[in-house]
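Colleague: Here are the chains, one letter per residue:
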Amino acid sequence: RKEVEQDPGPFNVPEGATVAFNCTYSNSASQSFFWYRQDCRKEPKLLMSVYSSGNEDGRFTAQLNRASQYISLLIRDSKLSDSATYLCAVNPGGGSYIPTFGRGTSLIVHP
Amino acid sequence: DAGITQSPRYKITETGRQVTLMCHQTWSHSYMFWYRQDLGHGLRLIYYSAAADITDKGEVPDGYVVSRSKTENFPLTLESATRSQTSVYFCASSESEVGYTFGSGTRLTVV
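Residue numbers (the working numbering), protein chains in the order written: chain R, 74 to 184; chain D, 12 to 122.
By construction, these hints were calculated from the structure, which means they are not laboratory data. Beta carbons are placed, not taken as given, at the ideal position from N, Cα and C, and that holds for glycine.
For lysine to aspartate or glutamate, the following EDC-like pairs were computed, each having C-alpha atoms within a straight-line distance of at most 16 Å:
(1) R:K115 <-> D:D49
(2) R:K115 <-> R:D155
(3) R:K152 <-> R:E88
(4) R:K75 <-> D:E70
(5) R:K152 <-> R:D130
(6) R:K152 <-> R:D112
To spell it out: a stretch of chain D is covered by chain R in this simulated footprint if at least three of its residues, at any positions, have a beta carbon under 8 Å from a beta carbon of chain R; those stretches are:
(7) 52 to 60
(8) 109 to 122
My request is simple: use the sequences and hints to build the entire structure.
Modeller: Structure follows, in structure tokens:
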């Protein structure tokens, strides 16, 4: 099993839809989790951290499920500008700041 | 301006030549990283550094050399470029478990 796995998609949704992505991780000792957004031919940019209690930022909600070892990203009221690739990153903990990145999930929001 | 900058943005070089990619950050972050991103592989860690004069190998270090004589600079050298090193290279920095900030990338083509 890969350390961090994501469905590559693409997820093709209409504007206004709600869409959710999951990211599974294999290391049960993992301590911190992140979602990044990457636009075509650009660098990844930190979207949000994922806390045990969940994290919401406007239309975006990130959650952690330690029991099942996955994190999720929910996007409500999708906009055309949300079209991008969403990467998850998982830090192994133990003082390491070296996350493992998933390969990303592609989202296409169409009119 | 504060941030992380990479240079050059684009580079074409010939097989066998030595190439150095530059990375500079203004935050005095302790950690700096070099990744390559290729279709089908996602982000792969080449080398990282936890502080000045401390570097360590990542997942795919072969053919690359790094140095970190100053906290703010982390150059990546391809000692003898090969076509398989054609890729997009991202530098990143972080201070703690709050996620990375990536540079805008260097697109390297080895012909």
